[in-house]
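For the protein sequence lines, the chains are A and B, in the order given.
Start counting the first sequence at 1; every next residue gets the next number (our numbering).
Start counting the second sequence at 1; every next residue gets the next number (our numbering).
Everything hinted at is true.
Here are the simulated DSSO-like cross-link-like pairs (lysine-lysine), alpha carbons at most 27 angstroms apart as the crow flies: (1) 106(A) x 23(A); (2) 48(A) x 81(B); (3) 48(A) x 5(B); (4) 43(B) x 23(A); (5) 42(A) x 5(B); (6) 75(B) x 48(A).
Derived DEER-like restraints, expressed as beta-carbon distance ranges: (7) 70(B) x 13(A): 47 to 53 angstroms; (8) 8(A) x 63(B): 24 to 30 angstroms; (9) 56(B) x 96(A): 15 to 21 angstroms; (10) 16(A) x 64(B): 42 to 48 angstroms; (11) 13(B) x 64(A): 43 to 49 angstroms; (12) 73(B) x 11(A): 46 to 52 angstroms; (13) 62(A) x 76(B): 29 to 35 angstroms; (14) 43(B) x 29(A): 23 to 29 angstroms; (15) 11(A) x 30(B): 43 to 49 angstroms; (16) 15(A) x 76(B): 41 to 47 angstroms; (17) 25(B) x 42(A): 20 to 26 angstroms; (18) 86(A) x 84(B): 37 to 43 angstroms; (19) 25(B) x 11(A): 37 to 43 angstroms.
Since the hints were derived computationally from the structure, they do not count as laboratory data.
Note that the structure is a prediction, hence the values are computed from the model and not measured.
Virtual Cβ for every residue (Gly too), placed ideally from N, Cα, C.
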Amino acid sequence: DIVLTQSPALAVSLEQRATISCKTSQNVDNYGISYMHWYQQKPGQQPKLLIYEGSNLASGIPARFSGSGSGTDFTLTIDPVEADDIATYYCQQSKDYPPTFGGGTKLELK
Amino acid sequence: QVQLKESGPGLVQPSRTLSLTCTVSGFSLTSYGVSWVRQPPGKGLEWIAAIWSGGSTDYNSALKSRLSISRDTSKSQVLLKMNSLQTEDTAMYFCAIFNYGSYYFDYWGQGVMVTVSS
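Just need the whole structure built from these sequences, with the hints factored in.
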């Protein structure tokens, strides 16, 4: 299975930029598409899709969120961070079966 | 609007079989795939199984021998059965629309907590 590695936590100040990284054990690109997706999960809630295929913003997601990267290194950027963005963020790959998730990065306030 | 709602027993004894139901609205099971994903308390996410719009199924190979996913399109329901439950199967179980082609999870239900304990 492809392993996704995320830092457990990231401390950020409101109105600053947060960059959350995800590294994969294998290349998750194929024919120009990055099979990397990002989710936000708040305590007691279900995950919510933020970014699909590396950089595409999901429906209804604010433009403060963006995704970038290719191959084995990907980044979710939130700029500027708002109080409502405090949550845990998960990356997920779908290049190979089974689809797998990173361990999550908990975004905390400084 | 699109909605998914999970239901299940809450508490299951070890070695027994778990049966979960995902009832959907706002879309047709013959047009979209649905997956189950679980999350142990305080831990990350694990994909379990999927059933596609045409009725074909996929399973996580690590769990495949214990799983069965099916659907009842007349009731707009996706059913998951997992046998030989152990304490490590204690988790929140979510169902989600599973995008065909890029294989990401579009919309998620609120989840149902399953505790395996005697």
